[in-house]
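> Using the sequences plus the hints, can you model the full thing?
There are 2 protein chains.
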Amino acid sequence: MAHTIIFQPDGARAQCADGDTLLTVSGGAGIELETPCGGAGNCGKCLVRVENQAMSAITEPERESLSTEEIAMGFRLACQCRAHGDMTVFIPETSRQSRQIIVSDGRAVSGRLKPGLACLILKLDKPSLNDPRDDWQRLSEALAARDFYNIKIDYTALRQLPGALRAGAWTISVVLWQAREIIAVFPGEKEKIYGAAIDIGTTTLAGFLGDLTAGEIVAQAAAANSQVRFGDDVISRVSHCMMEDDGLERLNRAIIGDVNQLLERMRAKAGVDKGDVLDMTVVFNTVMHHIFLGIRPDWLGRAPFTAAVRGPLNIKARDVGLALATGAYLHCLPIEAGFVGADNVAVLLTQRAAIDDEQTTLVIDIGTNGEINLIGNGRVLAASCATGPAFEGAQIKHGMRAAPGAIEHLTIDPEQFAVTLATIGRENGVKARGICGSGIIDAVAELRKVGLLLADGRFNKEIDCPRLRLDEKGKYEFVLVWATESATGHDIALTQKDIRAIQLAKAALYAGARLLLRRMKRETIDRVILAGAFGSYIRVESALAIGLFPDCPVEQVEVVGNAAGVGARIALFDVDMRREAARLAAMAEFVETATDPDFQNAFASAMYFPPWPEAGAARGIL
Amino acid sequence: MAHTIIFQPDGARAQCADGDTLLTVSGGAGIELETPCGGAGNCGKCLVRVENQAMSAITEPERESLSTEEIAMGFRLACQCRAHGDMTVFIPETSRQSRQIIVSDGRAVSGRLKPGLACLILKLDKPSLNDPRDDWQRLSEALAARDFYNIKIDYTALRQLPGALRAGAWTISVVLWQAREIIAVFPGEKEKIYGAAIDIGTTTLAGFLGDLTAGEIVAQAAAANSQVRFGDDVISRVSHCMMEDDGLERLNRAIIGDVNQLLERMRAKAGVDKGDVLDMTVVFNTVMHHIFLGIRPDWLGRAPFTAAVRGPLNIKARDVGLALATGAYLHCLPIEAGFVGADNVAVLLTQRAAIDDEQTTLVIDIGTNGEINLIGNGRVLAASCATGPAFEGAQIKHGMRAAPGAIEHLTIDPEQFAVTLATIGRENGVKARGICGSGIIDAVAELRKVGLLLADGRFNKEIDCPRLRLDEKGKYEFVLVWATESATGHDIALTQKDIRAIQLAKAALYAGARLLLRRMKRETIDRVILAGAFGSYIRVESALAIGLFPDCPVEQVEVVGNAAGVGARIALFDVDMRREAARLAAMAEFVETATDPDFQNAFASAMYFPPWPEAGAARGIL
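Chains A and B supply the protein sequences, listed in that same order.
Using this note's numbering, you'd call the opening residue of the first sequence number 148 and step up by one each time.
Using this note's numbering, you'd call the opening residue of the second sequence number 148 and step up by one each time.
I should point out that these hints are in silico values taken from the structure, not numbers from a laboratory.
The beta carbon of each residue, even a glycine, is placed where N, CA and C say it ideally should be.
Examples of chain A residues lying across from chain B (beta carbon under 8 Å, computed):
#1 L276
#2 W283
#3 L305
#4 G310
#5 A484
#6 E739
Printed below as a string of structure tokens:
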């Protein structure tokens with residue numbers, strides 16, 4: 148029994164089976180709803196309004212998320228409400244997932260060109276009745292004459308060999324992988340070969356297509372990770388794999404499809420054939436790594452957090468289902484430990500000079516998790532800090548990801564408490580509809596600066612400010628944007644609960660960094676590297692003001708953008724850097740934070756915000 | 148514009164596009180017609196009778212094959228006649244392809260059990276926060292403790308690893324391929340692993356499923372090579388690959404499908420899971436080798452007859468599309484040279500003891516081609532003799548393959564010239580409808596014996612015998628079966644042209660053997676090994692009587708059946724025999740017959756039949 152669902156105001160129609168959730172149906176109609184909890188019913192973000200009663204009853208999660216008034220008005224959670232007849236569904240703007248802004252480039256890092264592939268052009272003798280060698284023997288002997296011994300040939304390349312030799316009149320180009328195996332053959336003289344470097348984030352993907360002959364990037368592209376529909380964070384994804392029979396398969400297909408689309412877009416931009424893309428490096432966090440490779444991630448999420456494999460991997464791209472040349476290998480950079488993934492190793496690759504330095508450098512990659520490395524004195528210490536997704540706007544009442552309509556920066560006037568906003572897309576007249584990570588950090592820092600927020604994280608009720616008010620539950624909140632100025636027609640506020648979430652997140656990072664310092668037997672951090680998409684937008688002064696990491700001179704804090712992608716590119720162009728990445732991953736000493744008493748103590752005190760404005764003045768930033 | 152074709156007497160119906168040949172349409176309806184020429188219109192075997200005129204005009208090949216009377220009666224060749232409307236098509240029994248009898252077993256050969264796989268059972272420590280090694284590192288270190296270092300793991304096995312370790316409570320069975328790579332993992336203690344040995348002939352396939360733990364065959368099966376519909380011999384198959392855009396792909400799909408069905412049937416018989424079939428050896432002639440591997444065979448068919456690859460190959464079975472365990476390798480035995488294929492190497496493997504003998508042994512594998520080896524004195528000489536397909540019943544007026552209704556043996560009474568037949572299926576009342584290779588050799592030998600055939604191959608017109616008569620074209624023929632006794636209602640006869648075809652075929656074999664003797668500087672052959680399905684049915688006395696090979700005492704002629712299949716099994720159970728096969732293939736000295744003047748001379752004189760009955764009497768066989 149199929150039902151017809153009409154989505155308004157889009158007017159999109161979709162057919163569905165009896166009992167399908169509106170979340171499933173809307174996805175099928177091309178409408179992406181906000182689902183940070185992965186459809187578990189916990190986040191309350193996929194709010195929709197329905198017009199008739201041909202649907203399932205209100206669920207327990209809905210009772211917790213929705214007010215009685217909202218229920219009376221026909222509001223439901225799309226992930227909970229199942230269709231039992233034709234329906235019309237209104238989707239509020241706040242429930243929609245916006246197209247995200249993705250940082251696909253990091254700082255340029257100069258590197259060597261020493262690819263893992265060599266393209267050799269060989270001229271062979273024609274066979275005759277007196278020289279009855281087979282094609283492969285003929286080629287092997289020509290390779291041996293060039294000092295390449297015991298070379299293997301990929302089966303798919305072998306299949307192409309007879310045709311290529313004759314089409315090229317016995318001149319052939321062979322692509323040799325790591326001086327061990329021929330992975331492709333081309334008739335005549337091949338001029339260009341290509342490779343790809345891909346950074347697979349929990350939320351976004353960044354890709355680079357490189358000319359391995361000239362050593363330059365010829366195309367780049369970014370895309371959303373379409374696994375987002377199964378949950379915003381890695382924990383939701385792991386849960387999905389564990390709970391659903393074909394969960395892993397679906398997640399795997401989603402990400403492989405994303406990467407293939409990314410590759411296709413880049414190839415189209417640069418006019419490169421699939422068969423000419425002969426190498427690929429890929430970096431990701433540990434959960435993305437496992438899912439991308441079709442390996443069950445079930446045991447990554449619970450103690451002792453054991454990975455299936457951490458070392459670097461060379462796998463035939465065809466075995467993973469990737470649309471590269473048929474004989475091409477994929478190189479997965481190694482994982483450090485637990486949640487500290489290959490993306491982190493790639494970031495380290497860009498900072499490798501600092502490892503042998505006497506200074507300490509704290510490398511923070513704030514994605515959906517908070518992975519940190521403290522490097523220096525020939526050591527690499529790694530920790531994973533349970534920051535939660537607050538910095539990505541999740542678990543924040545009006546939080547959202549860095550997308551049009553997100554407040555990315557703000558200042559608060561110390562006299563009148565007027566709020567000046569910088570909203571993503573403001574140049575196109577986009578009004579605020581929420582606040583993203585960098586905006587939240589600004590907001591907390593500014594509230595501290597104007598005295599509205601106490602060191603322990605409570606609002607300062609002593610100050611008379613109309614924006615500071617009690618919400619319906621009797622808790623304080625600070626109104627950032629009044630309803631008349633917002634895109635949603637509602638006030639956008641930062642609540643006491645939001646402040647707590649930020650405190651927990653920043654305390655985890657801070658305490659993690661402190662613990663690493665202690666393990667390295669050092670007192671201070673000399674340099675901080677902020678990597679990741681979120682890192683690119685963060686205002687360093689605000690980060691220092693809220694105590695995101697231990698004190699460090701502001702001029703020693705460097706924002707490097709998508710350094711993981713840069714690391715993947717370095718490893719694409721320079722095969723020695725793959726070995727270097729393996730060395731870095733192996734030397735990394737993983738420090739378990741959760742069970743460490745030092746961490747627990749540091750965490751409790753790190754909940755407090757640093758003194759303000761004195762501390763800020765002392766650091767020369769006021 | 149679709150047409151409906153009804154096939155009688157079956158009553159089968161098929162839809163076809165305008166212009167489809169009746170051969171194509173009948174195949175689609177599940178009716179297999181005889182097509183030794185591969186549908187080129189040369190053999191005249193796919194005779195059908197059509198009822199209306201909604202079809203294409205008579206073609207030139209049809210004018211050559213059909214009499215005016217046949218054309219008037221509505222007879223057409225199915226490969227030439229194209230449908231241009233609804234039609235009813237009568238298919239005579241003689242045009243149908245019968246289900247063949249296939250020899251799937253050779254003489255038992257005792258061998259060692261030393262498989263290429265080892266199944267190791269390992270008990271690993273459970274991971275803990277203090278032992279955070281990843282699963283693969285844990286397994287690698289356990290292997291190293293058993294002295295297996297630098298072991299790789301197949302990607303598909305790696306994917307199974309985390310689940311298998313936990314399902315088996317940290318006891319795991321790993322299947323190690325050639326002490327180099329883990330190709331499969333199983334939870335707990337695995338008791339049995341299996342492998343398959345497959346002999347792919349141009350016409351038939353034979354398969355064996357072996358228990359690699361106990362060293363015994365647990366199932367065997369045989370099947371027709373469904374490439375037969377693209378032509379009976381390797382040359383037709385090569386032509387198909389060269390002429391049709393997707394020719395190679397279709398032939399490849401056909402044979403891979405056949406092998407997968409064979410594997411499935413054997414697994415079903417023995418109750419073995421697909422994932423437990425972890426090794427496979429395969430032997431074939433050179434053309435089947437290339438097509439099976441999806442390699443263009445185009446250049447095998449013309450000078451200088453260059454193969455793409457001759458050496459032994461280990462290829463992931465999944466890359467070839469075979470339904471084995473996902474990580475399993477396929478081992479292709481090496482090719483000797485040109486048309487002397489891996490099947491021949493497998494036969495040599497069964498005769499390897501004779502190589503270092505001082506005696507000379509002639510190994511004949513008469514399939515669709517005549518491959519011969521002369522071995523002894525530490526040498527292996529190989530030649531390919533253009534026998535043509537006469538021994539398989541093709542190019543013979545009433546020739547057919549060894550199938551029910553085929554005369555497989557006969558004797559002729561020297562007084563009355565009465566013919567006593569042994570027909571395949573006679574125990575079930577099947578009447579003769581043609582004659583297969585062993586019957587043809589008997590017929591020629593018997594005609595010589597009773598004096599009806601002269602040494603130069605002409606019929607002896609001096610003898611008054613009602614069975615010796617002139618055909619419609621004024622040529623002599625000998626009636627083997629009168630119409631009243633045949634299944635077809637027509638006389639079955641051996642024509643002067645048939646005798647010529649046999650003379651050419653046997654002369655090619657004989658002259659080839661002579662050439663090899665000369666190259667080995669020996670005068671006589673001490674021993675003859677007759678291999679292959681055809682070899683199993685041949686009557687040795689008749690073979691000697693027609694001079695199929697140089698003189699050899701009858702008791703020194705051994706019939707070994709499907710020795711190629713035996714060789715494949717030896718290589719399955721004993722990995723050292725794979726190296727031995729490579730050694731044999733490499734030491735084989737290929738002797739080119741076609742261009743050799745010695746061969747030409749020997750060939751001309753070998754056209755004559757040996758003296759009879761004196762020669763026979765001298766050999767003690769009369």
